[in-house]
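Chain order of the listed sequences is A and B. Heads up, the first sequence is in our numbering, so the first residue is 36 and it goes up one at a time. Heads up, the second sequence is in our numbering, so the first residue is 105 and it goes up one at a time.
These are computed hints drawn from the structure, not numbers from a lab. Check before you lean on any hint, since a few could be wrong.
Stated by the list, open to error - Below, a list of computed lysine-lysine pairs in the DSSO-like style, where the Cα atoms sit at most 27 Å apart:
1) B:Lys211 x B:Lys286
2) A:Lys499 x A:Lys484
3) B:Lys269 x A:Lys481
4) A:Lys274 x A:Lys313
5) A:Lys481 x B:Lys286
6) B:Lys286 x A:Lys484
7) B:Lys173 x B:Lys145
8) A:Lys109 x B:Lys269
9) B:Lys211 x B:Lys269
10) A:Lys267 x A:Lys62
11) A:Lys313 x B:Lys145
What the hints assert, rightly or not - To give an idea of the chain B side of the interface with chain A (calculated C-beta under 10 Å), a few residues:
12) His230
13) Cys231
14) Thr232
15) Pro250
16) Gly253
17) Pro267
18) Pro270
19) Asn280
20) Gln284
21) Ile290
What the hints assert, rightly or not - Computed from the model, here is a short list of chain B residues facing chain A with C-beta under 7 Å:
22) Phe143
23) Glu144
24) Lys145
25) Pro200
26) Leu203
27) Val255
28) Asp259
29) Gly260
30) Ala263
31) Ala264
32) Gln282
33) Ile285
34) Thr293
35) Asn294
Just so you know, even glycine gets a beta-carbon here, dropped at the ideal spot from N, CA and C.
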Amino acid sequence: MKRLALGAWQWIDDRLGLADLIGPAAKHLVPHDARWWYTFGSATMVAFIVQVVTGVALSFSYISSSSQAYETLKFITDEAPFGNFLRGMHYFGASAMVLMVGAHMAQTFLFGAYKFPREMNWTTGVLLLAFTLVMGFTGQLLRWDQTATWSVVIAAEQAGRVPLIGDWLAHFILGGTTIGGATLSRFFAIHVFLVPALIFVFIALHLRLVLRHGISEPPVAGKPVHPETYRKEYHDELKQTGVPFFPDGAWRDFVVGTALIVAIALLAIIFGPPALDKPPDPSVLQADPRPDWYLLWYFAVLALIPPALEGYVMILAPAVIGILLLVVPLLNNRGERAASRRPWSIAVVLLSVIMIGSLWIAGARSPWSPNFDPQPLTQEIIGATSGPVFEGARLFQEKACLNCHLIDGHGGRRGPDLTYVGDRLTHDNIVIRIVNGGVNMPAFGKSLKPDELANITAFVESRKQPVPTASLGATQNK
Amino acid sequence: MPLLPDGLPKFAMNEIVPNESKFGTEPPSSEDMSRRRFFEKLSLALGGFCAALLGVPLVGFVIAPLFRKAPNEWLSLGKIADFEIGRTVNVTITDPSSLPWAGISAKSAAWLRRVGEEQFVAFSAHCTHMGCPVRWLSDAKLFMCPCHGGVYYGDGTVAAGPPPKPLVRLAVRTANGQVQIKAGPIPITNTL
Chain A
36 MKRLALGAWQ WIDDRLGLAD LIGPAAKHLV PHDARWWYTF GSATMVAFIV
86 QVVTGVALSF SYISSSSQAY ETLKFITDEA PFGNFLRGMH YFGASAMVLM
136 VGAHMAQTFL FGAYKFPREM NWTTGVLLLA FTLVMGFTGQ LLRWDQTATW
186 SVVIAAEQAG RVPLIGDWLA HFILGGTTIG GATLSRFFAI HVFLVPALIF
236 VFIALHLRLV LRHGISEPPV AGKPVHPETY RKEYHDELKQ TGVPFFPDGA
286 WRDFVVGTAL IVAIALLAII FGPPALDKPP DPSVLQADPR PDWYLLWYFA
336 VLALIPPALE GYVMILAPAV IGILLLVVPL LNNRGERAAS RRPWSIAVVL
386 LSVIMIGSLW IAGARSPWSP NFDPQPLTQE IIGATSGPVF EGARLFQEKA
436 CLNCHLIDGH GGRRGPDLTY VGDRLTHDNI VIRIVNGGVN MPAFGKSLKP
486 DELANITAFV ESRKQPVPTA SLGATQNK
Chain B
105 MPLLPDGLPK FAMNEIVPNE SKFGTEPPSS EDMSRRRFFE KLSLALGGFC
155 AALLGVPLVG FVIAPLFRKA PNEWLSLGKI ADFEIGRTVN VTITDPSSLP
205 WAGISAKSAA WLRRVGEEQF VAFSAHCTHM GCPVRWLSDA KLFMCPCHGG
255 VYYGDGTVAA GPPPKPLVRL AVRTANGQVQ IKAGPIPITN TL
């Protein structure tokens, strides 16, 4: 039986050449000390495989029609066996892919692994990062709920800022001049066919380059890269101390890959897929579109950059960052690889993480957005049941001041916290601010009657820190 | 070169003999070379032709929506009497030129205000900053955007926040006792 199976395998292998195809790749020598830090790349690929498998499964029920996509997603989520789990896997798989590609990139940068002769490994990796982000954004749009439709408009508006061809780009994204039947299907084609095909091609190229140039050895301080001698030194070292990729190196990839899939599955089971928003009806204006978490930091950028620079930042910043990332290895492809001898590389990674992290937190809190549903001020907070302060508090809420200002934890965070504003502004200051507006505050001079202005001023002026009882007693004793 | 037991080369592609004649190891004649050059050019030309044959309709099909005309029809919103003077209301517009499978995504909204007996003003519901849906706060007489905090006065001019331009005004008229609005494209801000 065993002999028969062996014979069958030999026949198949002779005709298909599988051993010749896979064998050299599996058995090629890798540095013996390339260990856990080297698993982020394979983890990214594992996440991509999860995306392909779950994506194919979802496409069995998903209909990419503007009028039906939302309903099919509801069916997948609420009724189809395993539908909820698969959507959750697809969502957390996307998150894992973004995280792993970021970790892989940071590790490659810190290890100086982009230097000679692996410059194109880095460049193809940068393009794969870009494709991953495009997949993330287009994937959110395929949810085709209210947030998705408004996100398409936001994408079109950003494209519209590109000089000369902005309108064309915007209409290309919308699939016309408005959202409609052509909008979703083009994002479906991009998400399901076009970008995955590019990812397959570039993963193949990336892996081909990994095999061609070998897995970089862990950097050693004081052992710089000299393009003239590097290849010989690398291969000599491999011959002496290298180990076959499979299984000596690959087992760690299998461990990390398995852990990643289990983590994605657990997250999908515990948290489930992202909830669907309201139906994709652009005539419903009670909407609050937000990107998925991996683009939340960019949402914050759009709110925080000075308006005068906004267009330039929106267009030039991604272009400059993209070009810089692509040319990193061309600017610096020799010399020390160890991060300890390249402290600026640690600074770049740390600054990037801090910057994206802080913007992410800002995006999640989005204090610049008005609070359309503020908790009403209580009688305790107002401190009066009638009179100008009470009337002023009523007007403060009615005129949407509370949408932007915080008072005792109630209201929005767009403007300054006014809980104790009476301690820092005089009566006249308050009147001037309300009538003329200020930085990021509308002028209410034309929309308020004199008595309304007087009442709101009285309320705002009354917002003072309570005087502690002890000091009150001390004052009375004097 | 690895050989099978019968002596045949394992891979056909290992048998590259670029500088030999078509039948053996003799040096190629000039006729062979010119034939090869011809076949090379023929193959490349045919490949290019096939790519164009497939590529031109593909590109044309994908960018076709760019050339679709924006909706430009007057659409009735209701009787004039249905709208109270001074009140700003949200009206729904359905794109008459939308594709049949657009469903509810063919709808859009605008803010309409009756300012006189037969005078109306209409504003696009898209914030000029990033296109998010602005809401009308009637007591405050302000339009507010939920995304990045853009605020507009009742006349559509920018009151606060990042919008670079006032809200876009839409064409609106009265005809035969009806209020009519022109369904237009989503306004795209080109300001840098």
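Now the hints, each set against the structure:
1. B:Lys211 x B:Lys286: holds (13 Å)
2. A:Lys499 x A:Lys484: holds (25 Å)
3. B:Lys269 x A:Lys481: holds (21 Å)
4. A:Lys274 x A:Lys313: violated (61 Å)
5. A:Lys481 x B:Lys286: Not OK: lysine 481 of chain A and lysine 286 of chain B at ~31 Å, beyond 27 Å, violated.
6. B:Lys286 x A:Lys484: Violated, at about 36 Å.
7. B:Lys173 x B:Lys145: Violated. Lysine 173 of chain B to lysine 145 of chain B sits at ~43 Å, over the 27 Å cutoff.
8. A:Lys109 x B:Lys269: Measuring from Cα to Cα gives roughly 38 Å; hence the hint is violated.
9. B:Lys211 x B:Lys269: holds (24 Å)
10. A:Lys267 x A:Lys62: Distance of about 20 Å is within 27 Å: holds.
11. A:Lys313 x B:Lys145: violated (58 Å)
12. His230: Given a least distance of 7 Å, the restraint on histidine 230 of chain B holds.
13. Cys231: holds (9 Å)
14. Thr232: With a minimum Cβ separation of about 9 Å from chain A (threshold 10 Å), the hint on threonine 232 of chain B holds.
15. Pro250: holds (5 Å)
16. Gly253: At about 4 Å, which falls below the 10 Å cut-off, the nearest Cβ of chain A leaves the hint on glycine 253 of chain B intact, so it holds.
17. Pro267: holds (8 Å)
18. Pro270: Where the cut-off is 10 Å and the nearest Cβ of chain A is about 13 Å from proline 270 of chain B, the hint is violated.
19. Asn280: violated (24 Å)
20. Gln284: Not OK, violated: glutamine 284 of chain B not within 10 Å of chain A, min 17 Å.
21. Ile290: Check passed: Cβ of isoleucine 290 of chain B comes within 5 Å of chain A, closer than 10 Å.
22. Phe143: The hint is violated - phenylalanine 143 of chain B has no Cβ within 7 Å of chain A, the shortest such distance being about 27 Å.
23. Glu144: violated (25 Å)
24. Lys145: violated (27 Å)
25. Pro200: Not OK, violated: proline 200 of chain B not within 7 Å of chain A, min 11 Å.
26. Leu203: Nearest chain A Cβ about 3 Å off; hint holds.
27. Val255: Hint holds; valine 255 of chain B Cβ to chain A Cβ min 5 Å, cut 7 Å.
28. Asp259: Nearest chain A Cβ about 10 Å off; hint violated.
29. Gly260: Result: violated, 13 Å to nearest chain A Cβ.
30. Ala263: With Cβ-Cβ at 4 Å, under 7 Å, it holds.
31. Ala264: holds (5 Å)
32. Gln282: violated (19 Å)
33. Ile285: With Cβ-Cβ at 13 Å, over 7 Å, it is violated.
34. Thr293: holds (6 Å)
35. Asn294: holds (5 Å)
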